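Put together the whole structure using the sequences plus the hints.
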Amino acid sequence: MSMSWKKGLATVSSVAMIGVLLAGCGTSNTGNSSSGSSNTASTNGSSGGTSTSDNSKPVEGGSITLDITQAVPDLDPAVAFDTNSAEIEQQVYEPLVTYKGSTDQLTGDLATDWTVSTDGKTYTFHIRNGVKFSNGDPVTAKNFVYQLQRILDKNLQPKPSPGYTFFLNITGAQAYYDGKAKSISGVSTPDDYTLVIKLDKPQQYFIKILAMPFLSATDPSFVNKVGNAAFDTTKSMGTGPFILQSNSQSQVVLVKNPNYWQKDSQGNQLPYLDKVTININNNSQLDALHWEQGKTAFMSPWLMGGDGLPASAYATIMNTPKYKQLVMQQPENSFFYIGLNMKKTLDGKPNPLSNIKVRQAIEYGFDRSQYVKLENGADKPVNEPMPDSIEGFVKNLDPSAQYSFDPNKAKQLLKDAGYANGLTLDMWNRDTETAKKEDQAFQAMMKNIGININLHEVTFKDFLTKAMSGTAPIYFSGWNQDYPDASDFLNTFFNTNQIPENNMSNYSDPQVDQWLNAAEFDASASDRDNLYAKVINKVMSDAVFVPTTETVGHWSVQSWVHGFYTSNITYDPMAYIWVDPGHNS
Amino acid sequence: MGAYIIRRIGQSIIVLFGISIIAFLLLYAVPADPARIIAGPHATPEVVAQIRQDLGLNLPIYQQYLHYLWDLVRGNLGTSYIFHRPVLGMIGERMGPTAELALGCWIAELIIGIPLGIYTARHANKKRDMVVSALALVGISIPVYWLGLLLLVLFGFKLQIFPLGGSGGFQYLILPAITYGITGAAYYTRLLKSSMLDVMNQDYIRTARAKGASERRVVWNHVLRNALIPVITFGGIDIGYLLAGVVLVEETFNWNGMGMLAITSIQNQDIPVIMGTVLLLGVFVVIFNLLVDITYGLVDPRIRYD
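Chains as they are written, first to last, in full-length UniProt numbering: chain B, 1 to 585; chain E, 1 to 306.
Simulated from the structure, these hints should not be mistaken for lab results. As the structure is a prediction and not an experimental result, all values here were calculated from the model. Think of the CB as a built atom: it goes at the ideal place given N, C-alpha and C, for glycine as much as any other residue. Please note: incorrect hints may appear among the correct ones.
Label pairs and their in silico Cβ distance ranges [said to hold, decoys possible]:
1. 245(B) <-> 291(E): 33 to 43 Å
2. 245(B) <-> 16(E): 33 to 43 Å
3. 174(E) <-> 368(B): 42 to 52 Å
4. 582(B) <-> 143(E): 38 to 48 Å
5. 143(E) <-> 221(B): 47 to 57 Å
6. 469(B) <-> 28(E): 18 to 28 Å
7. 155(B) <-> 89(E): 18 to 28 Å
8. 200(B) <-> 143(E): 57 to 67 Å
See the structure below:
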């Protein structure tokens, strides 16, 4: 599961938990190539992002340099769970399935195709023939069984997989995790190129879990040779388009994998680039200057954190036409919210927020349009606990689930709740510049209706510790999707079984649990959208979240870089990029 | 002299003990559970408990400290929570770049500070002295990161004479050295000026002048030689502090040294690395202080150790 961050908090991205993101609605823009060929960013697909498109023939060879704001802590796909790591990991490893280009359409990766049984419990994958690891070892179905065992090994070194919970619905996974079984009974390989996975309960989004990087092909003989710790940091080896040449505290170097299986539509071997050098640069002001100077090929949310533009350079880049035309924008599937804790007592004292009228007063006293302005107008307002690009988003909320800015109504609600003379509430947030702006704005809005907000601005880790213990009365938080499904938002936030780590508001409603569980594990629940719509309307009428904004990602791509597309599910498409001759770096 | 050195080394060892305790207490000062950081937020309580036990975090504090001390004696600074690598190795990789940067900054301070010190001493209480002293005050007051960024934008971005940050060859060293030189040189200027003024009033200088020695000879051979002694002392201590104090310069110029390692480790709450860098930076300061104290006597024969 993933807790997300905002601009300015990019420094903690390497240790923040972040999953993959999903496709959203794109906008388009146009750039001019320095070499004379056109390089036009365009909307790609109905739900996809933006891409540089051009008709010239891809150029084989060349190299690019990039900046990343933090060192890469983990490269073992079983272990890595942050965006910095995932950006590199995607270049080195491949899972069974992935998403097509910038769209949210699933397609085979190391599996050519798959079938699902009618009861929704058995998945059969046909593994692509002839795929080799970059060291030449062949890939078979057994490589996935091996990796699944690593994910479910609670003693895995240097640390256990943070993603094991995603796989516990596989038959026999829990027993294997608990050490009660030597193998995972629900997984079998009838032959070298067939992988069968059985589930305890039908799970309609299971295939999206497999598109996450955790279950990528890994090579047991290689892992055993180098050891798990080195495999996680400096000796990664997979089937992906690039080979990890080095990963140090200052630089990551990727070189072309000559054994890569994939070719482009013209039959050219991928990747085009020979080398990608990624400098770990803790100073985002310098990152922006490097890009402005043309030294780096692109900046993206995955490299820079937050919305992809260093905060110090936002105004310069977006107000300078020659830079702005190179910026592609696409909403990321992350959103931010102010969580209201519903627990009856907190720290032994009665919690005023357990009264729905107090929570509704906060909803009515909150002016969403002001929050959007705080983010340079770059973010989108959102009024339900999910970004609008996730399937299941409700276009027209019930009247009881909508709150317009109405301070007078808020004051009346507080009076009705017995707080005519006002009250004081504690709020927890991180200690970033952006957070401080938001906190001050929120404080002023609440003061306006008679609520005094006592702020606790702490480090991200301390914030997580407090909020995830379920004891923060009000907390400002965010969420980046792990996989593109409403379950990852709604079940995570509001299911009783997620209290307190993910359900930090202690929200518990038997009816909501029933809807969520049906959508989660019920093959007959074909209309999951309806179930999720009911959940969204109910939780919003219960005023448990004050949704604030969705982040809009910014990808700044040089005009001499071609084949680039944005995606908020997969990471930057280095396998498909080529550069004009003369721009090697 | 021998007894003095032994006594000073003994004192330094006591200070080092103090530093080791402070570094160790960081483990408790950081408001996070080390086992939870290692295990990650998704680990079960059992896994966290196992890691806590493996690390010996369940032991009484004094026992944990003794374990830590025993590891230190064996040169084991622990393993990074985030990067799973031995801390000593991680710091070792960064020591060279930091030493290079510190030396560059130090030389820049001397190159800027000493000539200005001589100049202001020779023109003491004149307009020229006041102008230079005022500029030195400005230099001392400018934040390193602000001046650094200014120089980067001018010479790295606009004029493209020097690289835009990073570490590598000599060309990468020039801007950070100048930045630190400008902000640090004023200390040397002021010290040398007051020291020279002091020496200039001595009888032997008057004698030299009375004997008809040229002003140039008086300044270079008689005044400067004697006036430099406190500068040398300060310079030695300064190197120790520089090794520990170039953090802001490293951050501004993206110089991959120990300072940067310390900053990223604090951001990641990578406690063993924070402890290791604090300890080693403290050790540097202690060692350079010790060396200065010892060489002080060697340089200035008037100093006696009783």
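Hint-by-hint comparison with the structure:
no., hint, in the structure
1, 245(B) <-> 291(E): 33 to 43 Å, "holds (41 Å)"
2, 245(B) <-> 16(E): 33 to 43 Å, "holds (40 Å)"
3, 174(E) <-> 368(B): 42 to 52 Å, "holds (50 Å)"
4, 582(B) <-> 143(E): 38 to 48 Å, "holds (39 Å)"
5, 143(E) <-> 221(B): 47 to 57 Å, "holds (54 Å)"
6, 469(B) <-> 28(E): 18 to 28 Å, "holds (19 Å)"
7, 155(B) <-> 89(E): 18 to 28 Å, "holds (25 Å)"
8, 200(B) <-> 143(E): 57 to 67 Å, "holds (60 Å)"
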